[in-house]
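Novice: Starting from the given sequences, assemble the full structure and let the hints guide the process.
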Amino acid sequence: MLDPPSPVANSEVKLALRRAMRSNRARPKQSHRLTHEILGRILAACQDTLAGKRDAAIICVGYDNLARSYELSLLEVEHLSSDCSTILIPRSKTDQAGDGRLAYLAPRTQAILMDWLYSSGITSGPLFQSLHTRKLSGQPLSTSAIRRLVKREGMRAKAGGEDAVLLSGHSMRVGAAQDMMIAGLDHIAIMQAGGWKTINVVARYVENAAAQNLHQRRWATIAG
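Note that the numbering used here numbers the sequence shown so that position 176 is 233, with each residue one more than the last.
Hints listed in this document are in silico derivations from the structure and should not be mistaken for laboratory results.
There's no promise every hint is true.
[Unchecked claim] Quick list of the computed label-pair ranges, beta carbon to beta carbon:
#	residue 1	residue 2	range
1	Ile256	Gln196	18 to 26 Å
2	Asp105	Ile239	27 to 35 Å
3	Glu264	Gly178	40 to 48 Å
4	Met212	Thr255	30 to 38 Å
Think of the CB as a built atom: it goes at the ideal place given N, C-alpha and C, for glycine as much as any other residue.
Specialist: Right, here's the structure in full:
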């Protein structure tokens with residue numbers, strides 16, 4: 058008796074399998090989020106040194122502005138308002154023309170930033186500078202150096218939870234966006250705060266928080 062033909066040999070079946078494989082591809086991996094709660098743990102663990110004050114200021118400014126590491130590396134003292142309440146992000150991946158976006162800093166961030174400026178003595182030029190033998194180099198921190206310091210400070214705060222150990226340079230952007238979603242801000246507000254150009258990108262950033270928020274509201278309604 059002849060074996061029946063394999064269904065996989067059928068062209069329609071092959072096409073269906075290829076479509077299924079495409080739809081099941083791994084989704085883009087998202088950075089671990091640095092939330093407001095994790096930010097508090099990191100600040101508590103930051104050392105009272107020049108490097109520690111700089112790192113605390115970078116992470117706070119990055120969280121408040123949903124900033125990329127690249128954007129933080131471009132900041133200069135001249136981009137700050139006199140009272141440190143606002144800062145101009147001069148350029149970003151989606152703003153190559155350099156129009157910039159104005160961002161507001163939380164009172165805690167203002168205080169931490171003023172402490173960094175006072176302790177470092179920086180009055181102009183790169184806002185966040187590298188240090189050599191505990192002295193300012195006059196050169197801005199590189200993007201890779203900012204990524205490393207976020208990871209380092211996250212590891213220092215690891216006693217507060219595993220999430221802090223897995224942080225990256227993009228974690229501030231992810232965590233702040235998700236905190237805004239949980240706080241009830243809509244996608245348009247988050248898009249404007251983070252300098253995104255499309256709602257689709259914002260939706261991908263906040264989908265975990267949106268799902269959590271929906272789950273909590275759903276069960277609160279059911280249990281209520």
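Novice: Does each hint fit the structure? Answer for all of them.
Specialist: Now the hints, each set against the structure:
Checked against the hint of 18 to 26 Å, the pair Ile256 and Gln196 fails, with Cβ atoms roughly 38 Å apart. Between Asp105 and Ile239 the Cβ separation comes to about 32 Å, which falls inside the hinted range of 27 to 35 Å. For the hinted restraint 40 to 48 Å between Glu264 and Gly178, the CB-CB distance of approximately 44 Å keeps it satisfied. About 34 Å separates the C-beta atoms of Met212 and Thr255, a value consistent with the hinted range of 30 to 38 Å.
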